[in-house]
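Asker: Sequence:
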Amino acid sequence: MTDLKLSLQLFSMRGLGPLDAQLQAAASAGFQFVEPLENHLQDKTTLIEGLRRYGLRAPTAHISLEALRTRRQEFMDVCDECGVKTVFSPHPWRTFNAQGEVAWRKLGTDLAAVAETLGEHGISFGYHNKSEGLVAKPGMRCGVDVLFEAARGSRLLWQADIGWIHSAGAGPSQWLRRYQALLASAHVKDRAPEGENVDQDGWADVGSGILIWPSLWKEAIRYGAKTLVVEHDNPREPADFAKRGFQYLNRFLAA
5 MTDLKLSLQL FSMRGLGPLD AQLQAAASAG FQFVEPLENH LQDKTTLIEG
55 LRRYGLRAPT AHISLEALRT RRQEFMDVCD ECGVKTVFSP HPWRTFNAQG
105 EVAWRKLGTD LAAVAETLGE HGISFGYHNK SEGLVAKPGM RCGVDVLFEA
155 ARGSRLLWQA DIGWIHSAGA GPSQWLRRYQ ALLASAHVKD RAPEGENVDQ
205 DGWADVGSGI LIWPSLWKEA IRYGAKTLVV EHDNPREPAD FAKRGFQYLN
255 RFLAA
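Sequential numbering from 5 applies to the sequence shown in the working numbering.
Derived by calculation from the structure, the hints in this document are not laboratory data. It should be emphasised that the depicted structure is a prediction, and the values quoted were computed from it without experimental measurement. Glycine included, C-beta positions come from ideal geometry on N, C-alpha and C. Certain hints may be false.
[As the list claims (entries may be wrong)] Using C-beta positions, here's what the derived DEER-type ranges look like:
no., residue 1, residue 2, range
1, HIS125, THR99, 24 to 34 Å
2, GLY173, ASP84, 15 to 25 Å
3, ASP7, ASP84, 14 to 24 Å
4, SER32, PRO142, 43 to 53 Å
5, PRO197, ASP84, 37 to 47 Å
6, ARG240, GLY34, 19 to 29 Å
7, LYS89, PRO22, 19 to 29 Å
8, ILE216, GLU53, 19 to 29 Å
9, HIS125, PRO197, 42 to 52 Å
[What the hints assert, rightly or not] Below, simulated DMTMM-like cross-link-like pairs (lysine to aspartate or glutamate); rule was C-alpha separation at most 20 Å, straight line:
no., residue 1, residue 2
10, LYS89, GLU136
11, LYS110, GLU136
12, LYS89, GLU42
13, LYS89, GLU105
14, LYS110, GLU120
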């Protein structure tokens with residue numbers, strides 16, 4: 005599994021302040037790979053210098069669908085300079101108008117169009133799910149099913165956020181298996197038992213919560229994930245979270 009990458013989502017490190025402090029914490033924890041956000045790419049000089057300073061690489065990044073619509077060339081150029089090979093757009097929950105299957109179908113075609121354009125320039129592109137669209141509502145199919153159906157035949161990939169799949173009340177294993185043909189990456193995160201870690205929005209350090217990560221890790225890899233990205237949406241102690249996450253998951257790499 006020499007091509008498997010264990011990465012750290014820099015969203016989890018935002019509480020440390022400047023990007024340099026975030027990258028230093030990632031490297032100190034043991035990570036060789038990080039997943040930057042759109043705002044990090046907008047300050048490409050700081051990002052490139054920081055990655056070089058701490059011996060890190062950024063094979064993947066998160067950029068919003070809106071930014072890729074309006075500033076596509078700019079971000080393609082930055083990705084090329086930073087070594088980003090695959091971009092994922094998080095579900096646009098702030099602006100998405102989920103009025104039945106029509107909205108999900110349009111989102112699928114929009115994502116597919118971006119995937120085609122970026123693919124022609126050597127950048128892979130995928131959708132990153134939140135909790136929306138993973139459980140069928142009365143009289144409607146699962147929105148994510150509609151999305152992927154609309155994008156069928158395109159280059160669109162999928163980055164499965166396993167924590168959000170679980171939080172939606174869906175089964176991560178079933179979803180990973182269903183869309184294994186699209187699966188390129190997965191976010192590795194954990195949920196605390198009900199009522200715990202309220203100050204962390206109910207999230208937990210990976211391996212300390214209720215998700216069964218030894219088996220989920222194996223399934224994510226079996227179904228196609230090549231980059232496993234550790235994340236915590238609101239860690240109490242970001243640097244310690246990164247260290248504990250790396251120590252817990254690094255043993256899986258050698259298994």
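Asker: Hint by hint, note whether the structure agrees.
Answerer: Each hint, compared with the structure:
1. In this structure, HIS125 and THR99 meet the distance hint of 24 to 34 Å, their C-beta atoms being roughly 25 Å apart.
2. In this structure the hint that GLY173 and ASP84 lie 15 to 25 Å apart at CB is violated, the actual value being about 40 Å.
3. As the Cβ distance of ASP7 to ASP84 is approximately 21 Å, the hint placing it in 14 to 24 Å holds.
4. One distance hint, 43 to 53 Å for the beta-carbon pair SER32 and PRO142, holds here, with the actual separation near 49 Å.
5. Between PRO197 and ASP84 the beta carbons are some 44 Å apart, a value that agrees with the proposed interval 37 to 47 Å.
6. Judged by the Cβ atoms, the range 19 to 29 Å given for ARG240 and GLY34 holds: they are separated by roughly 20 Å.
7. As the Cβ distance of LYS89 to PRO22 is approximately 26 Å, the hint placing it in 19 to 29 Å holds.
8. Look at ILE216 against GLU53: about 40 Å separates their beta carbons, and that is not inside 19 to 29 Å.
9. Distance hint check for HIS125 and PRO197: the Cβ-Cβ separation is about 45 Å, which falls inside the suggested range of 42 to 52 Å.
10. Between LYS89 and GLU136, the direct Cα distance comes to roughly 27 Å. Violation of the 20 Å bound is thereby established for this hinted pair.
11. A C-alpha spacing of about 15 Å is found between LYS110 and GLU136, which places the hinted pair at or below 20 Å, so the restraint holds.
12. Between LYS89 and GLU42 the CA atoms are separated by roughly 14 Å; this keeps the pair inside 20 Å, and the hint holds.
13. This hinted pair does not check out: LYS89 and GLU105 have alpha carbons roughly 31 Å apart, beyond 20 Å.
14. About 15 Å separates the Cα atoms of LYS110 and GLU120, which keeps this hinted pair within 20 Å; it holds.
Violated hints, in rising order: 2, 8, 10, 13; the structure is consistent with all others.
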